[in-house]
Amino acid sequence: MTGTLISTNDLSVHYPLRGKLFGPKLVVRAIESVTIDIQKGSFFGLVGESGSGKTTFGRALLRAAPITRGKATYSDGEVTYDLPSLKGDELKDYRKRAQLIFQDPYAALSPRMTVRDIIAEPLEVMGLTSSREETDERVRTIAAKCRINLEHLRRFPHAFSGGQRQRISIARALVSEPQFIVADESVAALDVSIQADVLNLLKSIQKDMGLTFLFISHDLSVVAHTCDHVAVMYLGRLVETAPTRELFAAPRHPYTKALLSAIPSLDPDDQGNAQKLEGEIPSPSNPPPGCKFNTRCPHAIDICRKEEPKLAKSGLEHDVACHRWQELTD
Amino acid sequence: MTEPLISVKNLTLRFRTDEGLITAVEDVSFDIAPGEILGLVGESGSGKSVTAKSLMLLNPDNAVYGPESRITLNIDNKPVDVFSLTDPTDRMVIRGGAISMIFQEPMASFAPAIKVGSQMVEQLLIHSDMNSARAKEISIEMLARVGIPDPAQRFGQYAFEFSGGMRQRAMIAMALSTKPKLLIADEPTTALDVTIQAQVIDLMKDLVSEFHMAILFITHDLGVIAQTVDKVAVMYLGKLIETGTVREVLRNPRHPYTQGLMNALPKLDDLDTPLTAIEGDIPSPLDRPTGCVFNTRCPVSLGLECETRVPVYTAAEGEHQVACFLADEHADEQADEQEGGVRT
Chain E
1 MTGTLISTND LSVHYPLRGK LFGPKLVVRA IESVTIDIQK GSFFGLVGES GSGKTTFGRA
61 LLRAAPITRG KATYSDGEVT YDLPSLKGDE LKDYRKRAQL IFQDPYAALS PRMTVRDIIA
121 EPLEVMGLTS SREETDERVR TIAAKCRINL EHLRRFPHAF SGGQRQRISI ARALVSEPQF
181 IVADESVAAL DVSIQADVLN LLKSIQKDMG LTFLFISHDL SVVAHTCDHV AVMYLGRLVE
241 TAPTRELFAA PRHPYTKALL SAIPSLDPDD QGNAQKLEGE IPSPSNPPPG CKFNTRCPHA
301 IDICRKEEPK LAKSGLEHDV ACHRWQELTD
Chain L
1 MTEPLISVKN LTLRFRTDEG LITAVEDVSF DIAPGEILGL VGESGSGKSV TAKSLMLLNP
61 DNAVYGPESR ITLNIDNKPV DVFSLTDPTD RMVIRGGAIS MIFQEPMASF APAIKVGSQM
121 VEQLLIHSDM NSARAKEISI EMLARVGIPD PAQRFGQYAF EFSGGMRQRA MIAMALSTKP
181 KLLIADEPTT ALDVTIQAQV IDLMKDLVSE FHMAILFITH DLGVIAQTVD KVAVMYLGKL
241 IETGTVREVL RNPRHPYTQG LMNALPKLDD LDTPLTAIEG DIPSPLDRPT GCVFNTRCPV
301 SLGLECETRV PVYTAAEGEH QVACFLADEH ADEQADEQEG GVRT
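Chains E and L supply the protein sequences, listed in that same order. Note that this note's numbering has the first sequence beginning at 1, numbered continuously upward. Note that this note's numbering has the second sequence beginning at 1, numbered continuously upward.
Don't take every hint at face value.
Using 25 Å as the maximum straight-line C-alpha spacing, the simulated DSS-like pairs for lysine-lysine come out as follows [said to hold, decoys possible]:
#, chain 1, residue 1, chain 2, residue 2
1, L, 267, E, 203
2, E, 276, L, 267
3, E, 92, E, 71
4, L, 267, E, 257
5, E, 257, E, 313
6, E, 207, L, 267
7, E, 276, L, 205
8, L, 205, E, 257
Derived list of chain L stretches under chain E, where covered just means 3 residues or more per stretch with a C-beta under 8 Å from a C-beta of chain E [stated by the list, open to error]:
#, stretch
9, 184-195
10, 198-207
11, 212-223
12, 268-274
13, 278-290
Think of the hints as simulated: they come from the structure by calculation, not from any bench. Idealized CB from N, CA, C, for every residue including glycine.
Please model the complete structure; the sequences and the hints are all you need to start from.
Have a look at this one:
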């Protein structure tokens, strides 16, 4: 249960843009210098608006997006892998240990495969079982864990509702007995009454199997309820990270504050002291100089437009990247 | 009480399909007064979008409306029976004239190869007798009004050159430029980030008071409902199960489904209470439960009675209406917790 499972240091993902033939080479800095530690057995939340790079970060950790620069290590006690240089058999082995649950359960399941075949496919591809009986046995075990009716294994996905499909997706991700799961907006496509059920399922599986989750979401209330630790991203940068309760009780970065106050309250009389953000997230191919948030920040001063703030300790486990967090907190 | 702007009575809508007639909306009635925002809440498949589309007769050809269904639009004290409009030119009053609609996905609502400005001018030319110079002027004015910087330049651009929030603003500007009496907003903020969502909600509220317009606001997000609407109607499997003022319904929900929705929603001010899901899945519209539509998932179902009899829609208190046999008993339980909290 203890120790760091995933550790990144200045991790960057850049995508080349097609520029002019003889002009300067342009890149989109999708992820820029992200340093993060994900503790073993934790439910780690990653939040941000669309275009903040949260999906790219999750994919980089799974080696599904190219790592341009920086370090990333995976260490589960049995093996330690240096992710950027991973290849061949070691990469294959890593694929068993790290899995992804997708956002849209309607797009993630092949309509031509039965539920049993969908869940069994990772076992067959990775060669984890030696006989059909063994495969069936493992499929049944994991299906029961994910509360899938065993009689449904012979059916095709079209017969199922969104919540049931998402449980099938989860079973498929878990069947290779991974240690690390990236859940990318895994409840965003579900209705509220179903969403709670899938969240509770993810939580109980995580506890039972001692898994580590990177839970990517744009919905802060969902993150507040499920995660132990939260990191907030903006334009490819990490702007704040803290234990969940601390972050929601005492956010330090102006962006985090604005994000929290923008959540519509369920009380019609609570119009909130919302600090409405002006404007929109800038394009990642043309980010502003200095602090990336300075174009929308109500507290931006000269230094914010010139110098990019570094992520610094502001508490025991609370890091924030802002020039002015101290004066703004007092 | 003034005459409602639009009055929907006993709306029933079925779709003819290969599997037979599928009921999408059953016996739905509601009124919207001028200047009022009505929120229509429900999960996917609850029939909220097709209900809204019925107001503009936008449902596909295989839609069959029930014989009892009535939709009446009151413009300048003249009632218009929506179902009697058969001629395309007569229908212009409900399609952009007195009723406008904005959709969830703003990228899909603009033609990609026609400049945004031309699309705005086109509908103004259709719905009014102004010339194109004046239409352009008004369009640019509207773009400025919804907070788009550089409106004159944006007028000549294509939808793909706009960001998501900007497109939704342009969509709102376009829908409002004909000065409709009723705006139907179908999940207008669902595709947007929270910070942009907050901006769009503020904008819509400002515009309602400025133009004295009524809005039918469709969403699945109860937080957005709480911050935006005056009255709420909750739908489940094509039936209206609870209506009332937003304060009444959100603070003192009486239907087990509405209560379940509130409990399933993660709340920021209470991180300790575990989320309670509503058991089971939404039934397929192909096999709608008999009796109360919610009985298959209801935690307090009475069994046989709920499975066989359809609960009548009754007034629980004032404007608060609920379709549940147990509504009164629930109210008592809830009242204990809510003591003193309900004020309208």
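Against the structure, the hints:
| no. | hint | in the structure |
| --- | --- | --- |
| 1 | L:267 to E:203 | 17 Å, holds |
| 2 | E:276 to L:267 | 20 Å, holds |
| 3 | E:92 to E:71 | 20 Å, holds |
| 4 | L:267 to E:257 | 17 Å, holds |
| 5 | E:257 to E:313 | 18 Å, holds |
| 6 | E:207 to L:267 | 22 Å, holds |
| 7 | E:276 to L:205 | 15 Å, holds |
| 8 | L:205 to E:257 | 23 Å, holds |
| 9 | 184-195 | holds (count 3) |
| 10 | 198-207 | holds (count 4) |
| 11 | 212-223 | holds (count 4) |
| 12 | 268-274 | holds (count 3) |
| 13 | 278-290 | holds (count 4) |
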